[in-house]
Amino acid sequence: MKRRSFLTAPVAAAALARGAGAQAAEGIVDTCVYLGQWPFRHLPVEGAAALVALLRRHGIVQAWAGNFEALLHKDLAASNARLAAECRQHGRGLLVPFGCVNPLLPDWEEDLRRCHEDLGMPGIRVHPNYHNYTLRDPAFERLLRDAAARGVLVQVVCWMEDERHHNPRMRVPSVDLAPLAELLERVPKARVVVSNGFQSVNPTNPILKALRGYSRVAVDFARSDALMELRVLIEAAGIERVVFGSYAPMFYIEASELKMREIELSAAEAAAIQAGNARRLLAQA
1 MKRRSFLTAP
11 VAAAALARGA
21 GAQAAEGIVD
31 TCVYLGQWPF
41 RHLPVEGAAA
51 LVALLRRHGI
61 VQAWAGNFEA
71 LLHKDLAASN
81 ARLAAECRQH
91 GRGLLVPFGC
101 VNPLLPDWEE
111 DLRRCHEDLG
121 MPGIRVHPNY
131 HNYTLRDPAF
141 ERLLRDAAAR
151 GVLVQVVCWM
161 EDERHHNPRM
171 RVPSVDLAPL
181 AELLERVPKA
191 RVVVSNGFQS
201 VNPTNPILKA
211 LRGYSRVAVD
221 FARSDALMEL
231 RVLIEAAGIE
241 RVVFGSYAPM
251 FYIEASELKM
261 REIELSAAEA
271 AAIQAGNARR
281 LLAQA
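Per this note's numbering, the sequence shown starts with residue 1, numbered consecutively.
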């Protein structure tokens, strides 16, 4: 069953109804939500207040929030400041701002410093494909090292929208994750979350196999299409490296919830993915 069709299936509705109370009671840490305006179309939920209301309805008690405008704006300092202000104004302890840093821009070190020291952000997001660099670029390794020295988590966002919907002038490929394990070997103190990294997961995926050797790395499952892909991802990456990420409001939160319920996780597995793994990773320094 694909993401876009699951809401019409009776079995999906029943699963959602059965699990809603338990998830609300335990609380979810959503590691991938966005504020701001998606540049190419309107989304069903827009604005920080509306997003916060949506998250609360789904029992989400903490959400790591980025800013859509960071993809195309060059003044990331101003974008990050707006993100932090919106999270303070509307988040009420729920939204955790993750500013964006582009290591190809002049004085990016100051952007990182402001995120960490002035805005109190525990992590940042990078969008290598939209900012025209790869993980092999020496500039990214310098950013990873500086973030690790500060104890700042780095979220690598690999994909933002189905390629079939891209504007003809904005064909943006997914980020190549192949260099990541080698980077983590050179920067062992780095903490990394891979967001929207895997659509179809092979149990023998060499990237996931390589990442199993690092305790300070995690992956989310928002991008995976099929319901059973989450079980394959858990087997490939390890239960301790999988975190909940809905990619709201671009995706429906129900899609990520249903994937968890459909594979019948144990209570310990569900708790780890819903919140435990993310909290542990964010607390490491």
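Just to be clear, a hint being listed does not mean it is correct.
Each pair of labels, with its calculated beta carbon distance range [unchecked claim]:
no.: 1; residue 1: P44; residue 2: E185; range: 34 to 44 Å
no.: 2; residue 1: D176; residue 2: F40; range: 20 to 30 Å
no.: 3; residue 1: R88; residue 2: A149; range: 25 to 35 Å
no.: 4; residue 1: E185; residue 2: A49; range: 39 to 49 Å
no.: 5; residue 1: E235; residue 2: R88; range: 34 to 44 Å
no.: 6; residue 1: R171; residue 2: I239; range: 27 to 37 Å
no.: 7; residue 1: P188; residue 2: R164; range: 35 to 45 Å
no.: 8; residue 1: M228; residue 2: P138; range: 35 to 45 Å
no.: 9; residue 1: R142; residue 2: R57; range: 37 to 47 Å
no.: 10; residue 1: P188; residue 2: H42; range: 36 to 46 Å
no.: 11; residue 1: R113; residue 2: E185; range: 24 to 34 Å
no.: 12; residue 1: I239; residue 2: P206; range: 12 to 22 Å
no.: 13; residue 1: P179; residue 2: R56; range: 35 to 45 Å
no.: 14; residue 1: P179; residue 2: A283; range: 25 to 35 Å
Derived from the structure by calculation, the hints contain no laboratory data.
Keep in mind it's a predicted model, so treat the numbers as computed, not measured.
Glycine included, each C-beta is placed from N, C-alpha and C at the ideal position.
These are the hints, each one checked on the structure:
1. P44 <-> E185: 34 to 44 Å: 41 Å, holds
2. D176 <-> F40: 20 to 30 Å: Taking Cβ atoms as reference, D176 and F40 lie about 23 Å apart, which means the hint holds.
3. R88 <-> A149: 25 to 35 Å: This hint holds: roughly 26 Å between Cβ atoms.
4. E185 <-> A49: 39 to 49 Å: 43 Å, holds
5. E235 <-> R88: 34 to 44 Å: 40 Å, holds
6. R171 <-> I239: 27 to 37 Å: With Cβ atoms ~36 Å apart, the hint holds.
7. P188 <-> R164: 35 to 45 Å: This hint holds: roughly 39 Å between Cβ atoms.
8. M228 <-> P138: 35 to 45 Å: 39 Å, holds
9. R142 <-> R57: 37 to 47 Å: 41 Å, holds
10. P188 <-> H42: 36 to 46 Å: 43 Å, holds
11. R113 <-> E185: 24 to 34 Å: 26 Å, holds
12. I239 <-> P206: 12 to 22 Å: Holds: the Cβ-Cβ distance is about 20 Å, inside 12 to 22 Å.
13. P179 <-> R56: 35 to 45 Å: At roughly 38 Å between Cβ atoms, R56 and P179 fall inside 35 to 45 Å, so the hint holds.
14. P179 <-> A283: 25 to 35 Å: Cβ of P179 to Cβ of A283: about 27 Å, so the range 25 to 35 Å holds.
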